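Chemist: Protein chains in written order, with full-length UniProt numbering: chain A, 1 to 278; chain B, 1 to 289.
Since the hints were derived computationally from the structure, they do not count as laboratory data. Bear in mind the structure is a predicted one, so any value in this text is a computation, not a measurement. From the three backbone atoms N, C-alpha and C, an ideal C-beta is built for every residue, glycine too. Hints may contain errors.
[Claimed, not checked] Stretch-level coverage of chain B by chain A, calculated; a stretch enters the list once three of its residues show a Cβ under 8 Å from a Cβ in chain A:
| # | stretch |
| --- | --- |
| 1 | 13–25 |
| 2 | 100–113 |
| 3 | 251–257 |
| 4 | 267–273 |
[Stated by the list, open to error] Think about it this way: if two alpha-carbon atoms lie no more than 20 Å apart in a straight line, the pair counts; the simulated SDA-like pairs of lysine to any residue are:
| # | chain 1 | residue 1 | chain 2 | residue 2 |
| --- | --- | --- | --- | --- |
| 5 | B | K39 | B | F252 |
| 6 | A | K135 | B | K39 |
| 7 | B | K232 | A | G239 |
| 8 | B | K96 | A | A23 |
| 9 | B | K284 | B | P206 |
| 10 | B | K147 | B | L133 |
| 11 | B | K283 | B | F210 |
| 12 | B | K96 | B | A185 |
| 13 | B | K232 | A | S220 |
| 14 | B | K60 | B | M72 |
| 15 | B | K96 | B | G176 |
| 16 | B | K4 | A | F104 |
| 17 | B | K283 | A | M119 |
| 18 | B | K4 | A | L176 |
| 19 | A | K135 | B | F26 |
| 20 | A | K8 | B | V91 |
| 21 | A | K168 | B | N2 |
| 22 | B | K96 | A | G22 |
| 23 | A | K194 | A | A100 |
| 24 | B | K147 | B | M72 |
| 25 | B | K232 | A | T240 |
| 26 | B | K232 | B | F149 |
| 27 | B | K39 | A | S134 |
Listed below are the residues making up each chain.
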Amino acid sequence: MGSSAIAKRRSNLVIHLILIAGAVIMVLPFVWMILTSFKTTTEATQIPIQLFPSKPSLRAYTDAIKQSSFLHYYANTLTSAFMKTLFPVIFSSMAAFAFARIRFPGRGLCFFLIISVMMVPNPVFYTPQYLMMSKLGLVNSVTALWIASLVSPFATFLLRQFFLGISKELEEAAVLDGCNPFQIFRHIMLPLVKSALVAVVIIQLQWSWNDLQWPLIINSSPEKLTLSAGLATLVSMFGTDYPVLMAGAFMAVVPMLVLFFVFQRRFIEGVAFSASKG
Amino acid sequence: MNSKSRYAWAYLMIAPTLIGTLAFWFWPAVYSIYLGFLKSENFGLVNHWVGWANYERLFKDDEFWRNLRNTMQYVVLFVPATIVLSTLFAVLLNAKIKGRSVYRVIYYLPQVTMAAAAAMVWVIIFAQDYGLLNSALGTHIAWISDKRFAMYALVIVGVWGAIGFNMLLILAGLQGIPRPLYEAAEIDGAVGFRRFRSITLPLLTPTLFFTSIVLVIGATQIFDSIYLIIGKTNVALPAVRSLVYAYYQNAFIYYDQNYGAVIVNVLLVINLILTGIQFLLQKKWVVYD
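This is chain A alone, in the form it adopts within the complex:
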């Protein structure tokens, strides 16, 4: 082995050491969450700290489910994530196609009106949206969680970039065959931007699953809360019963973690994908 090969192996070792140190810090909170959730309350607050539960128990999980509205939180989060993903994908892909591939009067203005809200920080919307929900009688309802997010300016913007990149020939052949714009969209264009659609699904799912401030503002009764807002109330209910808090936190993150592990390549590619076009 030459000296440069040795130097290379040594530098690779240093790279791995730094990356492993980083990785440990990244996963440590998860490990601590899981370990704590199986401890007893005294074990979780012992000095010096005890790393592993001596007799792992599911007590914290049953307490978290029984004494809070955890199943409601799940159902509301699922409903809201479903609505906030499915509809924006349908509506945005349609609109994005029209903006990218059809010339029509007012196109520039309509597109500007839609994407201009992307520059506005979210909290600016909340008071007016709250007043609107209160006029519609939707304060403290599951509907209020998702109704404003049936449309997504961001997804429209992102998908338009992808539709712009498709060559004209495919479309022209379809026009000659007598297809209307919706048929061209549905049968020719949509299949071509499949990976962009997957990226949008992942982004929307992540956003809606983790959103905190809006659910916190609009809903207050326990059976109308989402997981994130519900977790915030667990703290006031259980105080320093750390195992219960950690059991709740773990149950709240598990669905996204499972999705992530199954579709990890899609998640990671989705980021690079949206970055390249954003």
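Chain B: place on chain A using the hints.
Modeler: Relative to the frame of chain A, chain B by itself:
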């Protein structure tokens, strides 16, 4: 197909998004500006036009300036730390080493974690008496209730959550740098840190700049971690309270919609300036191929 029916299709296809956006997003943004000029009574049933009075009150309010300073302090600590660490890990992952995909998955984990769940475990890690952090460091610091440390606790959590995503963005930027450039540099004897400084960094500057702007915009809106980690009864709250947290308090705890509105309208102006800078530099830097 004639152009009239093409137009009809186009309007039909943009209709849901256009109407939904105008009703639920565009109009509320306009209404927030209007609310800033009103004084509402009886939960918004009676409104008086008061002109700039709410803004005058805001600019005379010491608490507002403190909240603005806190927000800026968070931005100034959080953004550079995230950029430096994300770049470091991205550069290391760009080397030809084994297990790259495993590292990428692990570093991305915090991104798929609900902020509320992550915040709860960090509260326990930061705990003064039986927290992991104090045990590991051999200290006895009240990380989240001592006003000298609370901001750092928020920054640690923020950076932890942001590295994965930003590392991927920077990695994508790194992979856009042509290989032959590195090979040429190697022949000239530029290796290691010199290669990074003379080739990687200049070519990565646009990526780093856009990543920073997006991070700055996000960081000016910090709310979740203050609400979840610090909490409303914490004595350290005044030392970390952000503009958005102050908005939340005024609008939804004290029920002063108008004062809440002027706080976020100031934030809106700040963000529009940041977006403007981003837009101008994008025109200058991005090469369309």
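Chemist: None of the hints should be skipped; say for each whether it holds.
Modeler: Going through the hints against the structure:
1. Here's how the stretch 13–25 of chain B fares: 10 of its residues keep a CB closer than 8 Å to some CB of chain A, so the rule of at least three is met and the hint holds.
2. Coverage of the stretch 100–113 of chain B by chain A holds in this model, with 11 residues showing a Cβ closer than 8 Å to a Cβ of that chain against a need of three.
3. Coverage of a stretch by a chain is defined here by at least three residues with a beta carbon nearer than 8 Å to that chain's beta carbons; for the stretch 251–257 of chain B and chain A the count is 3, and the condition holds.
4. Here the stretch 267–273 of chain B counts 4 residues with a CB under 8 Å from a CB of chain A, which clears the bar of 3, and the coverage holds.
5. With a CA separation close to 16 Å, the supplied pair K39(B) and F252(B) stays within the 20 Å bound.
6. For a cut-off of 20 Å, the pair hint linking K135(A) to K39(B) stands: about 19 Å separates their Cα positions.
7. Straight-line distance between C-alpha atoms of K232(B) and G239(A) comes to about 14 Å, which keeps the hinted pair within the 20 Å bound.
8. A threshold of 20 Å between alpha carbons decides the hint, and for K96(B) with A23(A) the separation of about 18 Å falls inside it, so the pair holds.
9. Taken as a hint, the K284(B) and P206(B) pair is honoured in the structure, with Cα atoms around 10 Å apart against an allowance of 20 Å.
10. Distance hint between K147(B) and L133(B) is fulfilled; the C-alpha atoms sit about 17 Å from each other, no more than 20 Å.
11. Of the supplied pair hints, the one linking K283(B) and F210(B) holds, its CA atoms being roughly 12 Å apart against a limit of 20 Å.
12. Pair hint K96(B) plus A185(B) holds up; C-alpha atoms about 17 Å apart against a cutoff of 20 Å.
13. Note on K232(B) and S220(A): the hinted pairing holds, with a Cα-Cα distance of about 17 Å set against a maximum of 20 Å.
14. Among the hinted pairs, K60(B) with M72(B) is consistent with the structure: their alpha-carbon atoms are about 19 Å apart, no more than 20 Å.
15. Proposed proximity of K96(B) and G176(B) is supported: the alpha carbons are some 16 Å apart, at most 20 Å.
16. For the hint pairing K4(B) with F104(A), the CA-to-CA distance comes to about 9 Å; that is within 20 Å, so the pair holds.
17. Annotation: proposed proximity of K283(B) to M119(A) holds, straight-line Cα distance about 17 Å (limit 20 Å).
18. At most 20 Å may separate the alpha-carbon atoms for a hinted pair to count; K4(B) and L176(A) meet this at roughly 17 Å.
19. Between the alpha carbons of K135(A) and F26(B) the distance comes to roughly 18 Å, so the proposed pair stays at or under 20 Å and holds.
20. Between the alpha carbons of K8(A) and V91(B) the distance comes to roughly 16 Å, so the proposed pair stays at or under 20 Å and holds.
21. A hinted pair counts as satisfied when its Cα atoms are at most 20 Å apart, and K168(A) with N2(B) qualifies at roughly 18 Å.
22. As the CA atoms of K96(B) and G22(A) are separated by approximately 18 Å, the hinted pair is consistent with the 20 Å bound.
23. Our distance criterion of 20 Å between C-alpha atoms is met by K194(A) and A100(A), whose separation comes to about 16 Å.
24. Restraint check for K147(B) and M72(B): satisfied, since their Cα atoms lie roughly 16 Å apart, inside the 20 Å limit.
25. Taken as a hint, the K232(B) and T240(A) pair is honoured in the structure, with Cα atoms around 17 Å apart against an allowance of 20 Å.
26. About 17 Å separates the Cα atoms of K232(B) and F149(B), which keeps this hinted pair within 20 Å; it holds.
27. A hinted pair counts as satisfied when its Cα atoms are at most 20 Å apart, and K39(B) with S134(A) qualifies at roughly 19 Å.
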